[in-house]
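K.L.:
With the sequences and hints as input, model every part of the structure.
If you read the protein sequences in the order shown, they are chains W and D.
Under numbering that gives the first Met the number 0, the residue at position 9 of the first sequence is numbered 8, and the numbers go up by one with no gaps.
Under numbering that gives the first Met the number 0, the residue at position 25 of the second sequence is numbered 24, and the numbers go up by one with no gaps.
One should not assume that every hint holds.
[Said to hold, decoys possible] Heads up, simulated DSSO-like pairs for lysine-lysine below, C-alpha to C-alpha not over 30 Å straight-line:
1. W/Lys185 x D/Lys185
2. D/Lys69 x W/Lys224
3. W/Lys177 x W/Lys224
4. D/Lys224 x W/Lys185
5. W/Lys54 x W/Lys69
6. D/Lys69 x W/Lys60
7. D/Lys54 x D/Lys69
8. D/Lys177 x D/Lys224
9. D/Lys224 x W/Lys177
10. W/Lys224 x D/Lys134
11. W/Lys177 x W/Lys134
[Stated by the list, open to error] On the chain W side, residues computed to face chain D include the following (Cβ under 7 Å):
12. Lys60
13. Gly111
14. Leu190
15. Ile222
Just so you know, these hints were derived from the structure itself, not from any lab.
All C-beta atoms, glycine included, are put in the ideal place defined by N, C-alpha and C.
Number of protein chains: 2
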Amino acid sequence: MRIGILGTGIVGRSHAGRLSALGHDVAIGTHDVTRTLTRNEPDPMGNISFQEWHKEHPSVKLLPFAAAAKHGEIVFDALRGQFSLSVLSPLAAELDGKIIVDIANPLDFSRGMPPSLLVSNTDSLGEQVQRALPKARVVKIFNTVSAFLQVNPGDLAGGDHDIFMCGNDREAKETVRKIAAGYGWKTVIDLGDITNARGTEMMMPIWLRLWGALGTPAFNFKIVK
Amino acid sequence: MRIGILGTGIVGRSHAGRLSALGHDVAIGTHDVTRTLTRNEPDPMGNISFQEWHKEHPSVKLLPFAAAAKHGEIVFDALRGQFSLSVLSPLAAELDGKIIVDIANPLDFSRGMPPSLLVSNTDSLGEQVQRALPKARVVKIFNTVSAFLQVNPGDLAGGDHDIFMCGNDREAKETVRKIAAGYGWKTVIDLGDITNARGTEMMMPIWLRLWGALGTPAFNFKIVK
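P.N.:
As structure tokens, this is what we get:
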């Protein structure tokens with residue numbers, strides 16, 4: 000399948016690398032291809048530069064945002080939440096009818112750590128993205144675990160933990176469920192329509208605090224019932 | 000131990016009944032004792048009337064709020080979140096130095112179902128309660144599971160799931176940890192100071208949606224790491 004991934008950070012790279020290894024035709028989208036390719040310093044979290052990552056994943060294309068959006072039959076929002084709307088909104092035509100896998104969390108770092116949310120409670124980034132792209136089919140998923148676990152759930156407790164999904168389009172959710180299953184997710188809990196993104200985005204505050212309390216982002220929630 | 004429980008709803012009754020059965024001297028606090036005792040209709044959720052419940056738990060006293068607050072060496076906030084501050088603030092003198100077990104969630108039913116939150120993201124009810132009672136020692140706990148599970152964790156998967164606690168006073172948290180252990184909680188995760196109540200209160204949106212998706216409130220989160 001042709002997949003476009005918007006965002007060159009650790010989340011975008013994780014999905015691009017994994018999907019490419021699974022045989023998909025993947026293009027990552029960025030604002031300025033030349034600038035992204037010439038950056039050779041690790042990021043503030045210590046992740047290798049895009050240049051270095053790209054050498055290890057030569058089959059993943061790097062394209063301008065619009066070209067990556069056009070490339071993908073399915074397009075991932077792996078942008079920082081604060082930039083999702085400004086990048087996605089001008090791409091409405093390219094994204095018409097497509098499935099948008101929205102992984103972004105609307106983190107607000109302006110008030111100190113741990114970050115709070117730019118939108119929450121009575122709205123969500125997932126809903127904002129769906130409103131900005133009314134003809135796209137937005138599925139919110141993967142935003143409640145670390146980038147590594149998103150695509151390698153089996154590496155934690157043999158995959159015995161859960162991921163949440165929501166969106167307005169049933170068929171889009173079934174397609175995304177298959178992608179998640181391909182990563183190794185055993186349980187994908189469908190919460191319902193896109194307004195349920197409020198629920199999963201508002202897990203960020205407890206997730207960030209558990210990262211602090213546990214000393215590692217390598218954890219996830221399992222629903223015990 | 001002498002325990003005061005503010006609130007006559009299902010959460011207050013659950014703790015009162017369980018603590019009384021564990022041998023504690025429990026008084027429930029209410030606004031108007033006569034009115035609470037004369038109500039004999041089930042509540043909108045189908046729970047039996049307080050009158051009927053009280054017949055089954057005759058050793059639990061029913062007192063006005065201030066007398067119940069005075070009675071307790073430890074006092075539980077089992078009020079509806081929207082009323083917590085207006086009930087607790089005038090009791091600051093009675094609650095001076097005491098441990099407040101804050102279970103309330105600031106649910107806002109005015110915007111339809113599922114409820115949103117009255118305070119979130121950059122503040123929390125737990126913090127508001129601590130500010131309203133600066134000399135009390137507020138511990139936020141139990142607010143992420145159903146009333147029944149709060150006091151009977153062993154009835155779900157043999158207790159193999161987690162509860163979260165936060166508060167500014169280390170000694171108060173250790174006392175509350177013992178109460179939780181007495182109920183059967185195996186893992187109580189200490190998140191840190193009372194600002195972490197933002198994290199647990201903001202789990203309400205996903206909790207309410209999972210209740211809908213799973214069709215039962217008899218579930219909980221287990222942290223897999």
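K.L.:
Now look at each hint and say whether the structure bears it out.
P.N.:
Against the structure, the hints come out as follows:
1. Taken as a hint, the W/Lys185 and D/Lys185 pair is honoured in the structure, with Cα atoms around 26 Å apart against an allowance of 30 Å.
2. Note on D/Lys69 and W/Lys224: the hinted pairing is violated, with a Cα-Cα distance of about 38 Å set against a maximum of 30 Å.
3. Among the hinted pairs, W/Lys177 with W/Lys224 is consistent with the structure: their alpha-carbon atoms are about 24 Å apart, no more than 30 Å.
4. Proximity of D/Lys224 to W/Lys185 is assessed by CA-CA distance (about 17 Å); at most 30 Å being required, the pair is judged to hold.
5. A hinted pair counts as satisfied when its Cα atoms are at most 30 Å apart, and W/Lys54 with W/Lys69 qualifies at roughly 24 Å.
6. Proposed proximity of D/Lys69 and W/Lys60 is contradicted: the alpha carbons are some 69 Å apart, above 30 Å.
7. A C-alpha spacing of about 24 Å is found between D/Lys54 and D/Lys69, which places the hinted pair at or below 30 Å, so the restraint holds.
8. Between the alpha carbons of D/Lys177 and D/Lys224 the distance comes to roughly 24 Å, so the proposed pair stays at or under 30 Å and holds.
9. As the CA atoms of D/Lys224 and W/Lys177 are separated by approximately 25 Å, the hinted pair is consistent with the 30 Å bound.
10. The hinted pair formed by W/Lys224 and D/Lys134 fails the criterion: a straight-line CA distance of about 39 Å is larger than 30 Å.
11. With a C-alpha separation of about 22 Å, the suggested pairing of W/Lys177 with W/Lys134 holds against the 30 Å cut-off.
12. With a cut of 7 Å, the hint placing W/Lys60 at the interface with chain D is violated, because the nearest CB-to-CB distance is about 35 Å.
13. At about 10 Å, the closest approach between the beta carbon of W/Gly111 and any beta carbon in chain D exceeds 7 Å, and the interface hint on this residue is violated.
14. Annotation: interface hint on W/Leu190 holds; nearest CB of chain D at approximately 5 Å, less than 7 Å.
15. At a threshold of 7 Å, the smallest CB-CB gap from W/Ile222 to chain D is about 6 Å, leaving the interface hint in force.
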